[in-house]
Amino acid sequence: MLYNFFNPGILLIVLSAILRLITSNRRPYFALGFITLAYIFFCTTLRKWSFYWFDQFLFSDERAMFIVISLFFLALFVASFLSAFEKQKQDIAALHWLFVYVGSTISILFTSHLLFILLFLELATLAATFVIFCSKNSAAANAGLTYLKFHIIGGAFFLMGIMQHYVKYQSFQFSNYDLQDTFFMLGLLINLAIIPFSYWLLRAYSAASTLSTIVLSACTTKIVALLAMNFLYEQELLVIIGCLTTTFGILFAFMETNLRLLICYFMIAKIGLTLIYIGFGQKMMYTTFVAIVNDLICIPALMCCIALLKTELRVLKVSLIVLPLLSLAGFPYTLGYIAKFYSQAHWWLNLLYAGVIIIACCHIPHVIMRCKCSKLGKHISAKNLFVYSLPLIAFNLALISLNIYFMRLFLIKINLLSAFISKQLALFLVVIPIYLIFKKPKRLAINWHSWHLNLFDCRTQWLIKINAVSNIIQTHVERMTVISFERLKRQSSSINTSQMLIGMMITALILILLAGLFE
Amino acid sequence: MHLNILSIIFIAILLIAALLLGATVAAKRTHTSILLIFQTIVSFVICAFCSYLAYAFYKDTRPFLDVRAQIFGLNFQLEPLGIIFMVMISVLWFATNIYSLGYFKNSSKPIKYYFCILASIFSAIMLAIAGDLITAFLFYELLTLFTFPLIITSGTDQELKAANKYILSLVFFSLTLLLPAIVLILHYCGSAIFTAGGIVSSNLSTIMILVTFLMFLYGSAKIALIPVHFWLPSAMVAPIPVSALLHAVAVVKAGLFIFLKVCIYIYGIDCLYKMNEHFSQLIGFNFFALLIGLSVVIASFVAFRQAQLKKLLAYSTINNMSLCLLPLSMFSIDGIKASVLQMISHAVGKITLFFAVGYWERELSIKSIQDLSAAVFHKSKFVAWIFVIAAFSIIGFPPLAGFASKAYTIYVLLIDRYNYIALAAILLSTLFGAHYFGQIIYRIFFVKTPISSDNSMCVSAMKIALFLVCVLVLFYAMLFPTVISFLDKIQFYAE
Chain A
1405 MLYNFFNPGI LLIVLSAILR LITSNRRPYF ALGFITLAYI FFCTTLRKWS FYWFDQFLFS
1465 DERAMFIVIS LFFLALFVAS FLSAFEKQKQ DIAALHWLFV YVGSTISILF TSHLLFILLF
1525 LELATLAATF VIFCSKNSAA ANAGLTYLKF HIIGGAFFLM GIMQHYVKYQ SFQFSNYDLQ
1585 DTFFMLGLLI NLAIIPFSYW LLRAYSAAST LSTIVLSACT TKIVALLAMN FLYEQELLVI
1645 IGCLTTTFGI LFAFMETNLR LLICYFMIAK IGLTLIYIGF GQKMMYTTFV AIVNDLICIP
1705 ALMCCIALLK TELRVLKVSL IVLPLLSLAG FPYTLGYIAK FYSQAHWWLN LLYAGVIIIA
1765 CCHIPHVIMR CKCSKLGKHI SAKNLFVYSL PLIAFNLALI SLNIYFMRLF LIKINLLSAF
1825 ISKQLALFLV VIPIYLIFKK PKRLAINWHS WHLNLFDCRT QWLIKINAVS NIIQTHVERM
1885 TVISFERLKR QSSSINTSQM LIGMMITALI LILLAGLFE
Chain B
813 MHLNILSIIF IAILLIAALL LGATVAAKRT HTSILLIFQT IVSFVICAFC SYLAYAFYKD
873 TRPFLDVRAQ IFGLNFQLEP LGIIFMVMIS VLWFATNIYS LGYFKNSSKP IKYYFCILAS
933 IFSAIMLAIA GDLITAFLFY ELLTLFTFPL IITSGTDQEL KAANKYILSL VFFSLTLLLP
993 AIVLILHYCG SAIFTAGGIV SSNLSTIMIL VTFLMFLYGS AKIALIPVHF WLPSAMVAPI
1053 PVSALLHAVA VVKAGLFIFL KVCIYIYGID CLYKMNEHFS QLIGFNFFAL LIGLSVVIAS
1113 FVAFRQAQLK KLLAYSTINN MSLCLLPLSM FSIDGIKASV LQMISHAVGK ITLFFAVGYW
1173 ERELSIKSIQ DLSAAVFHKS KFVAWIFVIA AFSIIGFPPL AGFASKAYTI YVLLIDRYNY
1233 IALAAILLST LFGAHYFGQI IYRIFFVKTP ISSDNSMCVS AMKIALFLVC VLVLFYAMLF
1293 PTVISFLDKI QFYAE
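Chains as they are written, first to last, in our numbering: chain A, 1405 to 1923; chain B, 813 to 1307.
These aren't lab readings, by the way, just hints derived from the structure by calculation. Any given hint could turn out to be false.
[Stated by the list, open to error] 27 Å max Cα-Cα, derived DSS-like pairs, lysine-lysine:
(1) K1540(A) <-> K1191(B)
(2) K1193(B) <-> K1540(A)
(3) K1193(B) <-> K1491(A)
(4) K1086(B) <-> K1572(A)
The structure displayed is predicted, hence computed values, not measured ones.
Put together the whole structure using the sequences plus the hints.
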């Protein structure tokens, strides 16, 4: 039988070779057909596969895998669908590499052999590198090389972890859960884009084409998060790293006005939160999975909305991503709310949630509404508007159906619910007005991300220039602390930085008081 | 087949016959392409014979076979390491001869060129079956002597300068370090015969062991360890088949091979392990890992800055040769095995890269990284994909040849105690390798610039050779368990 030799991921990889032979004009249509074929194959043979993952979960393996793999297929389908309408050369050129990328990511879920997991991770790295290269400009070249280098190093650490495991247990099988060691952690955390390894994500997802980013943002970090759940659960160090990563993501997202980079920083913040849940251990395992699924739908939806920016209908732009944004922010009774509910014992998390709410519910819609459409190229005509909105509608429908499914599954009790809802709603009610009062400045005066580029963009220079490093550290410390208001003010007259920072401090104080009251 | 010294004599006779025939044909002024075809046939016969010898050795159930002979005062011995080296040289020589049929099709080389290639391979194979240090040194120097004329093809100043640098540096380090080390061993131990378990442990103090060991390490300048590496990038002015076979495979591997034999059969693994432990406790870290790790990192960094393709591959060779020595810093049988496995995977990967670069140089007049563009891919898709596969093998992507050896090297470095210096060197080498090969791959697939070439030669022989070596790169990982079980026999020779 076919399924003895192919899993849906390998089928996608094989189909990518066929797709490469098809002419560019017809490639998106064939891609849609191949994806449908592979998905039907997956659904009809679902029960014949053995899944080695998540055997400690409440629900059965095949449901969890069905959800995750279906969402990967959805992201790929959306990218292929939009490429048929956009007809951009770089998107069509990247299509067969996206097939390899998603195919490798899916194949990881079907194997229990550590070396095969590494093989598919590296194959996904290769495919993603070529996807980024398809943009064919110097930024994409550098971004692709950066992506390749970071992931190769992550893969090398992962290989060291595998060999260490083999030395200890003389086995490459995944079933032994004593896999918590430094090498695995380093390998997975580099691939997860935690601080200070988040540079590759920012560079790669901003240089790749819009449609490719929908798939890229769906796959790598999520599959690595799923791996991390199984390899690194219940480690306090992860909680600390997660907090730092979330704080970094929130602060830099707040200062960013480029929508794509903003979403990247927000992604980093959400990765940090996922890492915190993983660090909490077994008791949060189920809800961590739900948080990952939530990110798996909502982040690609946000990337997808960038394609919709080429229209003056601002209401449409924002309305189709209200639900994903609320879910990312963890509004009560959304998918993102489930993990928040189960983490309520940790009051300090409310500070991080407040930051996430600011970004998701205030800053992102604000930036979307302010985007100048004239600079984005050809506008979407009214008759194509519905077609361009279909992917976002699909993401919204997927989100609603999973929302209903998981809310029923987790059976959250009413008496605790009301108390918690009031605390969570209080966060929303406090944070949003503060943002509106101390409005985001109009211009981003600080060229904050040049330090990233100077540090790593070194084709023919020394890897680390001592002067640059000291400047970078100095500049970075200045920006991250609240000391030099006056210097920031001198750089731009329109920044009301002191008001912004005082507002943040007041917000934090109110939240701490509220948390104390409810505790 | 009964494994005895007749096997060794057979190879020697075959090669001598080939040399004599070559000289006879030269006297009668026969066309050089006939010489090349003849050489290809000879290489195929030798390759087949060496493979069969390896198979017979592998199948023999006796753990230890003492197969020795003495001819004209020279000692010869058949042992696992030598057999592996012979098989590797002969297989890659065969592939190079096929490649040369296409590379030199429309150009004629002087008879001395073919004579020197044959003589070099003869020296390498005799080195593989050398039974003592004197014999090994003799053929090691003969290899240097016969490869020297191969660098001078057109007689330009650059070639003369490179050839002088090559021979002077190799001979200098041989005479000032390697030969005195051999003399010291002879003086203190009374003999230099390769013996199971080594001969120096009871005859030399720990300091003398260290000193002679370092003399052997840097005296075998063919390993191209930094700082005795500078002959290799200059020697790249030679034609691609010479660079590929000799400078990336035979010559550098001969240096590694003689050093490995010295470690196993002169010092013995236990003796070296105790020496390393003694000095590691004094200093606080593994000194040899640091020396070799530095060579890895510096070579990677210099390769990172190269713009010429052949120079980049030369420094990548230096980097990979240092990586071959890295597992040896554990001074264990597993370390020896990892070194040998790394040697084989590097040989097949690097020769593939050289063949591809040679194809582009000949067909498309490409010499530097900046000359590469998507036009290269469109004109030579097959070669471009093979280059990509070989490049990823060198970086260590699964499931290629380089990954299998890298995984085993990491396994060896994690067995007893973690050798963090060596692990860090591997990481940095991987990082730099990803960069300089990544940018070449980007340029081949995605950079559009016009390129013109007037070459219109038939290159099917080159593609056949490329295909053959690419198959080795792709399927070496599948042969891995067989090679490891073959190398398990070394344990009985080392004890």
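Going through the hints against the structure:
1. K1540(A) <-> K1191(B): Since the Cα atoms of K1540(A) and K1191(B) sit roughly 19 Å apart, the hinted pair holds (cutoff 27 Å).
2. K1193(B) <-> K1540(A): Cα-Cα ~19 Å, so holds.
3. K1193(B) <-> K1491(A): holds (26 Å)
4. K1086(B) <-> K1572(A): holds (25 Å)
The structure shown violates none of the earlier numbered hints.
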